[in-house]
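Chemist: Let the sequences and hints guide you as you build the complete structure.
Each protein sequence line maps, in turn, to chains P and F. If you count by this note's numbering, then the first sequence holds residues 116 to 909, one letter each, in order. If you count by this note's numbering, then the second sequence holds residues 12 to 466, one letter each, in order.
By construction, these hints were calculated from the structure, which means they are not laboratory data. All C-beta atoms in this analysis are idealised placements derived from N, C-alpha and C, irrespective of residue type, glycine included. One or more of the hints may lead you astray.
The calculated label-pair distances, taken between Cβ atoms and stated as ranges, are [said to hold, decoys possible]:
| id | chain 1 | residue 1 | chain 2 | residue 2 | range |
| --- | --- | --- | --- | --- | --- |
| 1 | P | ASP129 | F | ARG428 | 55 to 61 Å |
| 2 | F | PRO402 | P | SER568 | 39 to 45 Å |
| 3 | P | GLY700 | F | LYS444 | 36 to 42 Å |
| 4 | P | LYS830 | F | PRO58 | 46 to 52 Å |
| 5 | F | GLU149 | P | PHE901 | 32 to 38 Å |
| 6 | F | ASN381 | P | LYS269 | 38 to 44 Å |
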Amino acid sequence: MDSLSVASSASDADLISVTQTLAKDAYVLFQLGKYADCVKVLNQILDKKADDPKVLHNIAIVENFQDGFSNPKRFLEALDNLKKRSERLAHSSGENAEVLDNRIKSVGNKGNNVVANLASTINNPQGIAADDFDVSVAMFNIAVILYHLHEYEKCFSILERLYQNIEPIDERVARHVCLLLLDVSLVCHHASRAADVINYLERVGGNNLVNQGDSGNIPQQQLTNLVTKSTSAPSNAMLSSDPINSDTNGPESPLSLTPEETLFETLISTLDVSGAQNLTRPSNDLSKSQTDESFISTPDLRLKVHLYKVWILILTRNLKAAKREVKMAMNIARGKDYSLALFLKSQLEYARNNHRKAIKLLMASVSQTETGTSALYYNNLGCIYYQLGKYQTSAVFFSKALGNSSPQRKEIPMKLLNFSQDKSVLFSYNCGLLYLASGKPVLAVRCFQQAGSVFFKRSLLWLRIAECCIMFSEKKADINVQIIGRGKWRQLVIECWNSRNLVQVDPNLSLKFAKSCLLNALHLLDCLDENLNLDPNFNIQGSNLKTGQGLGQVNSNGEAKETKVGNSSGSPNLLLQSSINEYEGLCGKENQMILQAVLADLAFVYLELGNAVKALAAARCLLRLPECSRVYIFLGNIYAAEAYCLLNQPKQASEHLSSYISGQNSNNTELPYSQEDRDVWQTRKAVDLDEPNSNNTPTFDQTLPQGSSDSWFMKPEEARGVLLADMAAMSAAEGDMERAHEAVTMALSLIPDNPEVVLTAIYIDLVRGKTQDAVLKLKQCSRVRFLPGTLAEK
Amino acid sequence: MHTQDKRYYEFLSNQNLVWNSTSISLFQIGDNNHSSYGCKYKMIGKPTAAVLYSLLKDGEKRPVEEILTDFFTKIHQSLRLEICSAVVILLKDTPKFLKPAERLVAFALLHHSYSSLQSSTNPYLSLLTNVATDEKTENSEKAFVLHLLSGNKEVLKSSTADYINKFDPSSHNFLPLDQLQKQYRDKTNPDPFNCFLKNAVIRNVIPDPDFPRGCDANSPEFDLVKSKIGSGDRDETIMGLLQFSSLEGLYPHWTRPCPPRLPVLEGELVWVNPDNTHEPLWDLRMCADTSRGAAVRDLIVKALKGPLAPSQQEQVLLELTSDLKLVYHCGLTPRKLPELVENNPLIAVEVLIKLMNSSDISEYFMVLVNMDMSLHSMEVVNQLTTAVELPTEFVHMYITNCISSCENIKDKYMQNRLVRLVCVFLQSLIRNKIINVQDLFIEVQAFCIEFSRIR
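Modeler: Structure representation (structure tokens):
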């Protein structure tokens, strides 16, 4: 080669070739798992290149493999220190800052050329400085450890930084970055980022992926073929004498082979063809890379891209497309047992409410995979049975899933793989939901807190924790009546609400904690706390609720630039993009539902805490929500009215109630909402019965959890009862006893066993002088407990 | 605010008594107050109730002064709130539980419990004034209460039984309510500060007499014959009421529905799929040979300054082709692009093609558009258009720039040259269907007309 590099002294050259040989040996030993020997070799290199960050990095890697990652936190620190040191070194080397900045983030492509280049004797000491500061491998490794520690959000942000500048990164590392980013994005529900990665992999699949492992030996014609735009471009270049461009039209454009009709499918086939080419062409100078397990082969990657696409489609609930895609993926897998494929198929059926089929597929997947997935299997079964409303069965499976994770936990030393196999953090969210559904808030809140390390950025988690607290603090509202004296002296003393749970409440289940959780949820929903003021003009716009992230990146010049997703060529994968768009719409709708629940809960909790001002603010926010459900409007009105009562503004309070009054008679109230308003929240999509033979699939009606459709919230009639009872209370307080009596009588007929209504009714009776009626009501109500006052002490 | 004070506030409001409040609402106390309804009060224990009752009964024989002294010494101050409330209930109740002498003692207790405070802050002031003006009240009681209110200590020197016996109604002049209120209440704030539901509070004690129908409840036989059905013990009832009456009272209750749990959303249950095996990676660039990259970098530096020799050019192109990532490390930045274009257009084309996937590519395009027009820059753009798909805006912007450069150039010879170049460039673009002439019709037409002389 015609090198212009400065000839270095012979001793320098020798040193470098020696270290290169040693580095090669070390890598071989590392791959063979001979970690002790490997460390020895690495230390030899270190003797020659003291403090070299990359040598130290690899030593850290080997040592941790050696002791089975017993202390991942320490490893994390070590990596972080090395990374920082590389960055410092890079800055102090005094290179042109502009170049430097690119380099810090980037990596050369030397990885797989090590062996090939051993023969090369051109050694340029100046060159070493330029490539030595790359930290992408260290950053990736940090992300890996964070992933295994279930620190998904942190992991995600590190990978994001790598991904923003992924083109310069060595292909071997880049593929790992992409796959890890896919896994993390899917766990965190960052669907659009996952789709970006898929797009990227497909886009570069045309060039970079294919050429991997063929450095230097690619026929030039083919190379240009791949960078050529997809429509066969005419090659009559005007001023060109360029040898490269002269042969733009390859003999066989990959596209000409594929008569598929959609762009989507042609892209896949592009990958397909290029993968095949790669396989057939033996790579001559990289014999090493064939056995390098750390390199994800192109066919493997191709299949994964397919499967991840299925995954994204399921996540974004584009089930039809997912079904088509999974078929293609199965074809590519060609009978290879691929547990991810089966799991995804099962998930698809689960999402389509085809539960029986989902179970079958899960069972098939477990029979042919290693034990590591059995916990996942149980968890997923638990999900299925939960959806079938069979909470007990579901509970059995969830606890099995957790049980299957725990023995691995006790294993010492803990293998890194086992860390990540232990998905109990994820299972515990499901457990929490289950406990909540079965009325066990104490257990549920514990589960949610465990899951918090992963889900803390989801508003739903905080809402669920608040629901636990609310459930826990729910009054077992019985009325106690002390019977005092005998005979003509007999007196009944009514004790209201002495049943409140006054035992020292677990701070994690207190209503104050619920309040904080709800405020967190609001924050995550982008409705900041400050918005909860009494400003009548304030409106929470539904459109503000966004789930996408797509943050801009600031480049070296300090200018914000677009995320690179398709910035040059546009997103080719229209299907994925439209699924994502639709999904984001769905998420927006779900966030609206969550927001309604959060605001209603917040108003309730503030009332319970005695903070009428804040309760009123929350209730009014709720009432101002666009497209607020009638059920929640009812709650908002009731809470607002109560808050106004507490603030001594009965006029405003009755305004909130009077919106339900129809006609002249002030006690003539409408139903606050209809049965349909209530059902909207309960209904799930009906079972997707396009399989003719699925007539034994349990239909939804049969499998509803016992009375679940009734237990969600009060029936419209009951809501009317509440309304009347509150109107009665207000009339009574205002002294309009006739109206109060009429209203409370109706209320009692609708909700006879509500203690508050009974108390109000008794109050009204007493004020009207109907002591007998009051006593009768007490005696008839099932929620009243008569206690023999002093008699017991005699 | 101390707990004691707070309970005091709340208690006062429950009794619906006028209170000279600095109007600190309970609800501004906020979260510290556990619940507006749910506070649980201390109950008076049986021993205390017994002491209290015996003190009331002492009205028969002992001077009120002594009873009051006993009350303040025997009963701890912290219980006073509860005791006063119990006493109020006894006073208000019908049938009258307390004998007249006992009632007077009870009034004295109420009055003196807060006598250390300003008289207008005594929470029982309105109760006392109401009693003093109520027509149904016995005259002796009225007079006694008036004595209390006026601070007359004389009445305390004898027992209440004596007072009643010696009472002479003619010696008293009873003021109507409004005058009394003026006298004692002028400084008070008439607005109740509590929730208006609670302002309507009434006693939470319901008489439920248990005796055979048709009997007269007031008939003395129930008290005398203990075994008779319907008989009962007055003492027992009083003791019970003292112990169990709460401060809360009974008021219209607001029915506050608990918010529903949000149903499990679609996709909320976490379905877990097996993931990839992610293990830390070995850094293969340790001790790696970086010489080839360095050589290319050196050549690029040279290429910025002047044309490279054909062999050098070939080397750069070869290295860039053999290592697709090298282009990101060859030291080129958008700022340096114009020099490369001017000196080595072929290398510039190759580099840009390889950077098409880069996130920096748009920056490179911007530089390309804004650099001075030249044969080389046009050549680069033209080759790019045939090799890769360029953003349409970029091509349009470039053409517009070309045309305006032609217009602005002063040197006639150079202008002719440039115009010819642009023509050829446009022809090529149109022939290759890179641009649609319709999109740029006006500019191109103006260009053709203006330079029609050049052939």
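Chemist: All hints are to be evaluated individually against the structure, with a verdict given for each.
Modeler: For each hint, the structure was consulted:
{"no.": "1", "hint": "P/ASP129 - F/ARG428: 55 to 61 Å", "result": "holds, 56 Å"}
{"no.": "2", "hint": "F/PRO402 - P/SER568: 39 to 45 Å", "result": "holds, 43 Å"}
{"no.": "3", "hint": "P/GLY700 - F/LYS444: 36 to 42 Å", "result": "holds, 38 Å"}
{"no.": "4", "hint": "P/LYS830 - F/PRO58: 46 to 52 Å", "result": "holds, 51 Å"}
{"no.": "5", "hint": "F/GLU149 - P/PHE901: 32 to 38 Å", "result": "holds, 35 Å"}
{"no.": "6", "hint": "F/ASN381 - P/LYS269: 38 to 44 Å", "result": "holds, 40 Å"}
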